[in-house]
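Enquirer: Read off the chains here:
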Amino acid sequence: MHALMRGVLQVTRWSTWFGGALILLAAFLIGVDVVLRKFFSTSIGGADELAGYALAIGTAWSLAAALLARAHIRIDSLYALLPLRLRLLLDFVGLALFIGFFGLIARHGWNVLLQSWQSGSRSQSALQIPTVIPQALWILGLALFVIIGVLLFVHALGLVLRGRSGEATRAISTRSAQEDVAEEVRDVKARRSRESDAR
Amino acid sequence: MIWTAVGVLLLVLALAVPVAAGLGVLGLALSEMYSKLPLTLAIGEMSWATSNNFLLVAIPFFVLLGEILLRSGIAERMYNALVLWVPWLPGGLMHSNIASCAMFASTSGSSVATAATIGTVAMGEIRKHGYSERLFLGTIAAGGTLGILIPPSINMIVYGVLTDSSIPKLYLAGIIPGLVLAILFSLTILVICLIWPQLGGRRTHATWAQRIQALPDLLPPLVIFLAVIGSIYAGWATATESAALGVIAALVVAALRRRLTLRMLGHALEGTMRTSAMIMAILIAAYFLNFVITSIGLTTQVNRYVTQLGLTPAQLFVTVVLFYLVLGMFMETLSMMVATVPIIAPIMIKAGFDPIWFGVLIVILLETAMITPPVGINLYVVQGLRERGRIDDVIIGAAPFVLTMLLMIAALWYWPALALWIPSLASR
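So the sequence lines, in the order shown, correspond to chains A and B. In terms of this note's numbering, the first sequence has 190 at position 190, counting the first letter as 1, and numbering is strictly consecutive. In terms of this note's numbering, the second sequence has 1206 at position 206, counting the first letter as 1, and numbering is strictly consecutive.
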């Protein structure tokens, strides 16, 4: 099971890099477009459209990484005061609702894709991209998120059933502010020490 | 209907359901209860439209810009340069903290990033020069909040998209209030240190030669600010395009500093995509929820309800400010914004308030929320950097600046031009 989750983690890292690369490409494309437009009175045409696709696909492919990193915001003012068992129960409820809601989006997104396919719709810009291409990549990202979400749910449930609630907490509970900050601080300190080494 | 909606929202949020799922579930529930048409069928089309919205592309760009800057070491040099320029005032380096935060804010769209970056650099100076630890920590927590008021600002992008107002105008509207608030922060420090000189630490002295020599270190932030805000002001670029220019400028700065490596870029992209995915998940759900509450007539109903109350604009203003002050103590700022602005902004606009002005007001209220306990993200960040003592020190140190922010809100009420003057110049 742990080996499986390690594999999952690796998959989400790759998918995040893929998403990040799309965003970086989009930034360059738009930057070049602005310069061309300003100084050479010409344009790539459709850079904005491509950047929009990059956003949709890139973030869909990164949803799972954010889930595993417990980066999705939860309001824990009340939650923090509850006993541990109740908290863990809420963790499962929250995770299930999250997967369910995005599963619903993926399900209806699939209908959108089918419609684009049947009508053979193309984007309005000069590029005339068949809309099924970006939509398919987007749905794929959402599907990946749902699958990984379900795996995480099952993994955490398995831990609880084997009496290892502590580990389950680390997998699906909210990150405490201390935990968050500790990471940030570790990052910053590591950077500072690298810098002073470099000097 | 109003109270059911508020009740369900409070319930799911209090139960710590992830905010994105909470807003989505509320949308589904309201549509189930009050709509004759199956609104859920639109969720696919709507999520796709939100996901590839060109305006929102600015969000990952600004997160990426911040991640690169954080790793490029420009903040350290900037701080050290500013330290030479302002410490002769009573309050010494605490003014450098505010100045550095304001300057870093002009390149960063996030308050957490601003507080964390400046805090890391400044923290070592407290003991060295005998400052009051509490007040010093407070200046970082409060100064950091300028990150979202001085453009660029991720929260302004979200506000602009939620209320359909111009993001460039919001940016330009944030400049003067941002600078005024920074000056007010400094005045607050000055007054406190004049009354209690022992809080102010030992002054340091710098020669003019040192000061001039350090000036080039202020250049990189300036270049990025000019790339982002200058290109908007000059009308060369839209908000999203200016964000792309900012990313490129930051990459160039990092490369010149020899900090740009594949490894660094990989880390920056990972962080960027995690944060962006989190924000987009909330926005997708918020869009669906807004569609539902408009379709079932909830917005109209709330509007009618408020109209019936017959509040004067001044009363409405005070009510809204109090509402956000209280909510801000308990809620994280982005969630607070997407959950409330779609309902409250139309009310304010109908009552005759300018949407751009209201956007600036909301951002200042969000800043307040970041330093009011028990939930105030900048308090946590500063305490985390410090790694000892109790968080109460930070809370107490930041408290005077909450008053300063209230003063700023009052100023914005009496002189709306503080926010609206620059946007009016640019639109001519």
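Treat the hints with care, as some may be off.
Computed spacing ranges between beta-carbons, pair by pair [to be verified]: (1) Ile147(A) with Gly1266(B): 21 to 31 Å; (2) Glu167(A) with Trp1236(B): 38 to 48 Å; (3) Gly163(A) with Gln1308(B): 40 to 50 Å; (4) Leu86(A) with Ala1399(B): 40 to 50 Å; (5) Trp14(A) with Val1008(B): 19 to 29 Å; (6) Ile1349(B) with Arg122(A): 42 to 52 Å; (7) Ala96(A) with Leu1037(B): 37 to 47 Å; (8) Gly163(A) with Ala1014(B): 36 to 46 Å; (9) Leu1089(B) with Leu84(A): 23 to 33 Å; (10) Glu1032(B) with Arg13(A): 33 to 43 Å; (11) Ser121(A) with Val1008(B): 49 to 59 Å; (12) Leu127(A) with Leu1262(B): 27 to 37 Å; (13) Pro1216(B) with Arg122(A): 29 to 39 Å; (14) Leu1406(B) with Ala80(A): 38 to 48 Å.
Chain B stretches covered by chain A per the calculated footprint, using a threshold of three residues with CB under 8 Å from any CB of chain A [as the list claims (entries may be wrong)]: (15) 1128-1137; (16) 1150-1160; (17) 1206-1216; (18) 1342-1351.
Read the hints as simulated data drawn from the structure, not as lab findings. All residues carry an ideal CB built from backbone N, CA and C; glycine is no exception.
Enquirer: None of the hints should be skipped; say for each whether it holds.
Expert: Here's how the hints hold up against the structure:
no.	hint	verdict
1	Ile147(A) with Gly1266(B): 21 to 31 Å	24 Å, holds
2	Glu167(A) with Trp1236(B): 38 to 48 Å	53 Å, violated
3	Gly163(A) with Gln1308(B): 40 to 50 Å	57 Å, violated
4	Leu86(A) with Ala1399(B): 40 to 50 Å	33 Å, violated
5	Trp14(A) with Val1008(B): 19 to 29 Å	38 Å, violated
6	Ile1349(B) with Arg122(A): 42 to 52 Å	37 Å, violated
7	Ala96(A) with Leu1037(B): 37 to 47 Å	27 Å, violated
8	Gly163(A) with Ala1014(B): 36 to 46 Å	29 Å, violated
9	Leu1089(B) with Leu84(A): 23 to 33 Å	50 Å, violated
10	Glu1032(B) with Arg13(A): 33 to 43 Å	38 Å, holds
11	Ser121(A) with Val1008(B): 49 to 59 Å	36 Å, violated
12	Leu127(A) with Leu1262(B): 27 to 37 Å	30 Å, holds
13	Pro1216(B) with Arg122(A): 29 to 39 Å	51 Å, violated
14	Leu1406(B) with Ala80(A): 38 to 48 Å	28 Å, violated
15	1128-1137	violated (count 0)
16	1150-1160	violated (count 0)
17	1206-1216	violated (count 0)
18	1342-1351	violated (count 0)
The structure fails to meet hints 2, 3, 4, 5, 6, 7, 8, 9, 11, 13, 14, 15, 16, 17 and 18 from the earlier list, while all remaining hints are met.
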